[in-house]
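Trainee: Spelled out, the chains give:
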Amino acid sequence: MRGLPWLGLAALVLFVIATFTPLANHLNAWMAGSARLEPSDAIVVLGRGGADSDAVLTNRSLRRVLRGIDLYRAALAPVLVFSGSPEETSARTVLARGLGVPDAAILTSPPARTTREEAELLRRLLLPLGRQRILLVADPIDMPRSRALMERVGFAVLPAPTAATGPSQPESRLGLVRDISIELSAWAYYRLLGAL
Amino acid sequence: MGIVILTSWGAYLVGTRGMGMRQSDLSGAATVVLTYLGLTVVFLLGNLAVGIVLILGLRALTRQFISIYMLNDATLAVLSLLQALIFQSWRERST
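Just so you know, the sequences run in chain order A and W.
Using the working numbering, the first residue of the first sequence is number 14, and each one after it goes up by one.
Using the working numbering, the first residue of the second sequence is number 3, and each one after it goes up by one.
Derived from the structure by calculation, the hints contain no laboratory data.
Note that beta-carbon positions come from the ideal geometry of N, C-alpha and C, so glycine has one too.
Each hint can be trusted.
Covered stretches of chain W, going by a simulated chain A footprint (3 or more residues, C-beta under 8 Å): (1) 39-45; (2) 53-66; (3) 71-83.
So here's chain A without its partners, still in its complex pose (with noise of 0.2 Å):
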């Protein structure tokens, strides 16, 4: 039990520092990577939170799909595609419909479990209509992984990170670096894996 004030020592001043300096944002904004908006050949929006019971998109995916639908408006592609569980892409569908994106122009994945599953699954949705060059639409944090595994499957991936200056509030800076050291440790256990 002698090394657990050194251990308390170490939580408090890592609490200090994520809490109260920039060091999450900075983090967030490296992780993000710098956007590529291209003309591509189809609109990538990943899932993320799912919907509500009453079909409201959590904040995050509302990000996504807003993101997807600004990209779709500035014409960088003729076609938007949405992943994640089927509440989550009929809810997205339902928002895209309403700003005016036509019927034709949405598609959408099946749900996956995990998300080299749902690379795969996209893989299985475009490739064969030879949509291999995409905008990824995808948090900051999100998007080293979800690049690294889609360009594994064959898309060549134009990043379109949402916003990437982060949060300034100091409760909303910790939930960041929690799920920085969330997605961190995913990468690691897909390395371990070998699936990157």
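Chain A is already provided as a structure; the job is to place chain W on it using the hints.
Mentor: Coordinates of chain W only, in the frame set by chain A:
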């Protein structure tokens, strides 16, 4: 952060001038608190490890999507602190 620094300074003044507490005992108190924090970290890491194993196991067994981000909840840290407080208090009473 500034608010906390201010109220901590106020508590220090109340403690030393109003309640006769000794400044020399402050470092010992800080060590006790850091011990509790360290034990909280141990419980938190344990809770996260068990949570991850459960989620990955359920994904494999049920073939349904269960998000790892369910573990991203501040209440887990609070509950881990509670575990640490109870465990350490129990340990001190038993020695």
